[in-house]
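K.L.:
Okay, here's what each chain looks like letter by letter:
2 protein chains.
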Amino acid sequence: QLRLNAPEAMEYVQDLRDTFVDRVLSNSSDNFPEGMLIESYARFVEPTLLETEDGHRIRAGAVIIATGSRPVVPEAWAEFGDAILTTDDFFEQEDLPASCAVIGLGVIGLELGMAMARLGVEVTGIDMAETIGGIRDPEVAQQAIQIIGKEMPLWLGAGAELERAEDGRIRVTAGDRSVVVDKVFASLGRRPNVDRLNLEGAGIPVDERGVPVYDRHTMQVGDLPVYIAGDADAERPLLHEAGDEGRIAGHNAATGENRAFRRKVPLNIIFSDPNIVQVGARFDELDPETTAIGQMAIPPVGRALIMANNKGLIRVYADKASGRLLGAEMICVRGEHLGHLLNWCITKGMTVGELLQMPFYHPVMEEALQAALYDLYHKVEAKNDSPITELQPLD
Amino acid sequence: QLRLNAPEAMEYVQDLRDTFVDRVLSNSSDNFPEGMLIESYARFVEPTLLETEDGHRIRAGAVIIATGSRPVVPEAWAEFGDAILTTDDFFEQEDLPASCAVIGLGVIGLELGMAMARLGVEVTGIDMAETIGGIRDPEVAQQAIQIIGKEMPLWLGAGAELERAEDGRIRVTAGDRSVVVDKVFASLGRRPNVDRLNLEGAGIPVDERGVPVYDRHTMQVGDLPVYIAGDADAERPLLHEAGDEGRIAGHNAATGENRAFRRKVPLNIIFSDPNIVQVGARFDELDPETTAIGQMAIPPVGRALIMANNKGLIRVYADKASGRLLGAEMICVRGEHLGHLLNWCITKGMTVGELLQMPFYHPVMEEALQAALYDLYHKVEAKNDSPITELQPLD
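From first to last, the protein sequence lines are chains D and V. Using my numbering, the first residue of the first sequence is number 7, and each one after it goes up by one. Using my numbering, the first residue of the second sequence is number 7, and each one after it goes up by one.
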């Protein structure tokens with residue numbers, strides 16, 4: 007019988023993590039000229055005047071807030087000490103716990119919960135919501151809960167309460183269910199690191215959460231020479247979006263142009279297995295009157311059968327009249343790639359009919375998308391101006 | 007120690023194969039009305055007059071030739087009997103041989119050769135060409151030969167000669183190298199099944215290979231009411247292309263319109279591991295004067311590292327002046343998906359700069375493509391009309 011050597015697995019992951027972190031540092035702050043990087047917490051005195059911990063003051067032509075975010079952990083959980091894990095400390099663990107309650111089943115909870123379950127940890131997944139992974143399409147949510155629920159029990163719809171168990175471990179109770187675990191993984195979301203910046207005191211406009219009020223096309227805060235980028239702004243906490251925000255904030259801070267840029271069509275990928283993917287408009291943002299929905303169930307898909315991963319569902323949304331693709335949600339192996347394809351097509355304003363004129367190789371998971379698109383094509387009014395749907399006349 | 011139960015593995019594959027074949031039959035010929043399907047070889051008497059084996063004659067308004075192809079096996083190899091395998095009989099084998107020479111390293115030779123090697127067969131790969139998988143870009147060819155050569159010896163640049171070895175097995179000699187094997191897998195290509203149709207006798211124009219002369223946009227043979235589709239025409243023997251050809255031939259045979267349709271931008275995928283993929287214009291079709299080439303080596307790519315499959319190379323081609331994407335060739339894990347993305351973008355006439363404005367999630371193999379595109383972008387003259395390459399101004 008094969009068994010996992012968990013400490014070796016964790017060390018392997020840590021080594022990879024270190025490689026990636028080193029690479030980022032060596033391409034950024036490591037290259038700053040002497041004196042350019044001041045390592046300190048800073049707070050605003052005025053919108054363009056910062057003070058470091060040692061009282062040093064810096065007057066700037068423009069300021070960019072890029073302070074990132076940190077995991078949300080309820081204060082009351084402090085008493086459980088290192089039995090509470092977050093992404094900050096999970097990757098520092100030298101071994102895996104025998105059992106773990108994952109509280110919060112968004113992207114991080116699902117990815118790490120599923121990984122732990124497959125590595126032999128007894129995982130219980132808990133979320134107050136009735137869905138997982140932020141899925142909004144009820145058909146996709148149902149599939150996802152069924153598929154992932156086979157790998158770890160999912161307790162949905164009730165908040166979790168923690169107490170010390172008699173044996174010193176932690177009893178987690180949610181609704182009428184209860185389990186005693188070694189560790190609790192808190193994946194309740196992240197909060198932006200803007201609470202200790204003295205934003206309000208310095209006259210920087212903030213919303214009810216304390217997050218600076220900014221324009222997502224210019225990244226400018228209010229009408230100040232202050233900009234924000236990345237997780238600090240509490241919107242789209244994704245690397246590629248943070249990159250765009252950094253570029254916009256940097257350009258506008260450096261030039262003072264305050265130029266507005268078009269933001270990306272939304273793309274969310276959860277690297278669960280199968281992937282959970284959301285593209286473009288979300289299900290609950292669609293007008294049922296004007297929207298057509300196509301779908302394909304994964305079980306009969308040839309390539310999925312070959313990969314022994316034939317489970318899931320793809321749902322695609324289009325404007326009923328024009329056939330223009332609006333969005334998609336899916337749980338599906340290789341969904342990450344279908345997400346890119348769909349996103350780029352939505353960005354280009356393509357219709358379902360146009361997509362059906364693209365090549366779909368065989369046997370690939372793109373054929374499952376093709377089947378969903380055929381289903382959708384039959385439901386939209388705009389048809390291709392060709393006697394053969396899949397082909398453009400040459401004349 | 008884990009060992010493969012080869013007979014069980016073959017049975018598993020056969021079951022899957024049967025499932026897929028049944029599905030095709032039950033969606034096509036199984037549904038023909040009584041008398042619509044005549045099971046017989048047929049030959050042309052005139053372009054619209056066919057004769058079956060029992061002498062029955064059929065006069066048709068139009069004829070579609072869709073007779074498929076069969077593996078090429080040199081006549082001299084007949085003496086080795088069932089020691090010679092092709093795709094026709096490989097999947098009927100109940101066990102795997104201990105050793106096998108794979109002669110011909112195109113798509114089929116690479117896919118099955120690599121599969122056998124990983125299933126424990128002692129494989130020797132042989133091809134007359136100095137490349138494998140039809141790769142034309144010398145940089146990609148070098149990578150592919152190095153990567154796949156680590157899994158099975160590749161003997162390139164010399165034809166194979168077969169003779170009976172003293173122990174009854176087969177001695178395969180190519181150039182100055184020689185090996186004795188249990189089986190020979192012949193993957194020398196496929197020939198169209200048009201040689202026994204009496205095409206010339208019936209006045210149907212054929213080329214020097216005996217293949218009907220036809221127009222690839224109308225699928226019409228000469229100016230006759232005769233059409234051709236699929237492997238029978240000896241061009242692009244791929245399922246999605248055959249589907250297009252069938253649709254065109256069917257439309258034109260039924261309507262007599264002889265309408266011309268735009269054909270797909272080429273896409274070739276070899277399901278080796280890593281995938282070998284070719285998109286759009288081939289390396290040797292490009293004008294070095296007007297073409298820019300970008301590339302990304304896979305070893306440092308984050309996602310490839312995570313997957314422990316960080317080997318290979320992506321090369322992308324664009325028109326130097328306009329920046330319009332022309333083609334790509336790669337050996338790369340998940341290359342099949344990058345191939346679809348690139349193909350669809352080429353179909354839409356997109357430039358390198360436009361591609362860089364699309365979202366690339368993290369961590370995905372699409373980021374390796376992004377790196378190749380950045381490299382390419384620096385080498386083309388057309389730049390994005392925006393102060394930030396990756397973003398479109400909103401105004």
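Any given hint might turn out to be false.
Chain copies aren't distinguished; within one or between two, either way the pair holds.
[Claimed, not checked] As a list, the in silico PhoX-like pairs of lysine-lysine whose alpha-carbon atoms are at most 25 angstroms apart: (1) Lys156 with Lys354; (2) Lys389 with Lys270; (3) Lys326 with Lys389; (4) Lys389 with Lys317; (5) Lys156 with Lys389; (6) Lys156 with Lys317.
No lab work stands behind these hints, which were simulated from the structure alone. Everything numeric in this text was worked out from a predicted model, so none of it was measured.
K.L.:
Hint by hint, say whether it matches the structure.
P.N.:
The hints, checked one at a time:
1. In this assembly of identical chains, lysine 156 and lysine 354 lie within 25 angstroms of each other by CA distance neither inside one copy nor across copies; the values are 38 angstroms within and 42 angstroms between.
2. Taking identical chains as interchangeable, the C-alpha atoms of lysine 389 and lysine 270 lie at most 25 angstroms apart only when they sit on different chains, with a minimum of 19 angstroms there against 27 angstroms within one chain.
3. Only within a single protomer do lysine 326 and lysine 389 lie at most 25 angstroms apart by alpha-carbon distance; the minimum there is 11 angstroms, versus 36 angstroms between protomers.
4. Taking CA atoms no more than 25 angstroms apart as the test, lysine 389 paired with lysine 317 passes in neither setting, with 31 angstroms inside one copy and 43 angstroms between copies.
5. Taking the shortest Cα distances, lysine 156 and lysine 389 never come within 25 angstroms of each other, neither inside one copy (41 angstroms) nor across copies (50 angstroms).
6. In the homo-oligomer, the alpha carbons of lysine 156 and lysine 317 lie at most 25 angstroms apart inside one protomer (12 angstroms), although the nearest pairing across protomers, at 34 angstroms, exceeds that limit.
When held up to the earlier numbered hints, the structure conflicts with 1, 4 and 5 and fits the remainder.
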